[in-house]
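Protein chains: 2
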Amino acid sequence: MQPTVEDVAREAGVSRQTVSNVLNAPERVRPETRERVEAAIAKLGYRPNRLAQGLRASTSRMIGYRIEPVHPHALGSIHDRLLHALADAGRAEDHHLLLYTADDPRDEAANAVALHRAGAIDGVVLYGLHAGDPRPPALLEHRVPFAAFGRTGADDGHPWVDVDNAAGTAAATRHLVEAGHRRIAFAGYPKGTDVGDRRWEGWRSTLDAADLLPGPDLRGEDSVATGARLAARLLDAPDPPTAVVAATDTLAAGVLSLARERGARLAVVGFDDTRTAAVLGLSSVRQPIEAVGHAMIDALLNGPPAVRLLSPELIVRGSSYPL
Amino acid sequence: MQPTVEDVAREAGVSRQTVSNVLNAPERVRPETRERVEAAIAKLGYRPNRLAQGLRASTSRMIGYRIEPVHPHALGSIHDRLLHALADAGRAEDHHLLLYTADDPRDEAANAVALHRAGAIDGVVLYGLHAGDPRPPALLEHRVPFAAFGRTGADDGHPWVDVDNAAGTAAATRHLVEAGHRRIAFAGYPKGTDVGDRRWEGWRSTLDAADLLPGPDLRGEDSVATGARLAARLLDAPDPPTAVVAATDTLAAGVLSLARERGARLAVVGFDDTRTAAVLGLSSVRQPIEAVGHAMIDALLNGPPAVRLLSPELIVRGSSYPL
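For the protein sequence lines, the chains are A and B, in the order given. So in my numbering, spot 275 of the first sequence is number 261, and the numbers just go up one at a time. So in my numbering, spot 151 of the second sequence is number 137, and the numbers just go up one at a time.
Next comes chain A alone, as it looks inside the complex (with noise of 0.2 Å):
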């Protein structure tokens, strides 16, 4: 007998809506609550019933990914890390990555359809969802399965997995309030994106919740030399913050040589744990890449996770001295 949704509410003593929060909008549901649902979803072995099936009579062994070309700016590397994490999932699983190739998701999506129609995949893993995305209709169309590290904003019906990144930014901000940090800035890249508009809100609201003031709130593209730019800016403001949060690893980068160039005192914390970070002293944001590509592979094989919202994990080094 499969265990369902009532059995999970019993068992963690919630509503059947509270357990239909954790698996649909984990983040909408408090922390202590999310917890208990989800240890009682693991003793129960509880699995949702859509597309339960997975793809256990897969033919052809193989799972679809896209490799994009290398971001010249960019330090962070999070989809070679999810790259590996996938083929050490796959394999343990007796699956194979296809790699393939595209020039925008659209174009992706219908590569994604030929291969599964000539038989050469099974089913694909996508990432960078972003709102009004392509892909998800495209392939539910044409039945092609999938697995999503992200999500399209709206109540996705398909299998995914997330990082919880307003946690990460939240536990970033946290860290430099705790170390003294009175006025924190947050160094990020344009708004609307479902990954940098949820690293804001964890600076946002952790600071709101300490009741502090937000320092400035600068944004540019995802560069070192952006970086280095913002924090220029916010040293020469006339009452310069003591400590950023920055939305990567890269504008953390350009944030910390700047300030070490002029010997300022500026701490400042990354995301992703980038090796850069690690020669650095950034302290940074590390997302359980190894995690999620395990759940990926799981879901597709397998049906979808009943826990998808990962959390991420604060790595403090030098960087991030208390005032």
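Source of the hints: derived by calculation from the structure; they are not laboratory data.
Here are some of the chain A residues that sit facing chain B, going by a computed Cβ distance under 8 Å:
id, residue
1, Ala73
2, Leu83
3, Leu84
4, Leu85
5, Val265
Between beta-carbon pairs, the in silico distance windows are:
id, chain 1, residue 1, chain 2, residue 2, range
6, A, Gly105, B, Thr19, 48 to 56 Å
7, B, Arg103, A, Arg16, 49 to 57 Å
8, B, Leu221, A, Ile301, 27 to 35 Å
9, B, Ser191, A, Ala223, 49 to 57 Å
Using N, Cα and C, we set each Cβ at its ideal position, and we do this for glycine too.
Fit chain B to the given chain A structure using the hints.
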């Protein structure tokens, strides 16, 4: 009529043996002669005979590539850059990459043979070749087509492409000599790998040619911490060097960090032009990985390329300042 070795020799005004040397042991040929022969090869469209059919009659249109776990200590991501380059080059030829994992070279060969036997791949790309490597003989025995990035050190009878590692460190050393440095150390990893030994050779032969005594030659595992430790030993010596040629950006980043921490002047050049190098202002030798990727796919599909030893490029930044 296909051009022959004799046609190339006549066009370049050299002997047959010289053309053969350019094809099989290019580093033994003087650069000017090599360039003349390579120009003749390109003009005539010459291709070596062996395996010249390539994979044109392929069926799966899939090429296997072994993906390794992420190395926690190394900054370099040459293999990730190669993966992107191979995917791009494969796309142009209507081939996809199939990723597989393996525990060691023997397991890798066994997996490649099994995938080839199952019809899942037409051939594989190898990298990281070393003396006594079990992969080439195993693949030759089971008639699995392959192209290798790097060489075993023997006169390899299969398609390979390599980067001229000695030319890379030679360019780095010459650059430091021209900047006035006379006491130039080497920081590398332990002897016994083809890549590492050639990088050492480029440093040593350039100093010999310039009639300069070689500075200290220090070794250790390829990590930032080791780079810092080696730099401390260099700076604490009675007559410290003024510059260091490092075998990797990872070691160079350690050297640079320690020198900056101590406020010591110690010029340094790394190898691989990682993203971290750009952030640190580290001069570095850049491998032409995109060209390597295209040459490998071409070798697999069309037979061994005529020009197989590609030149790296020195990228000069602030870390290699004049004496």
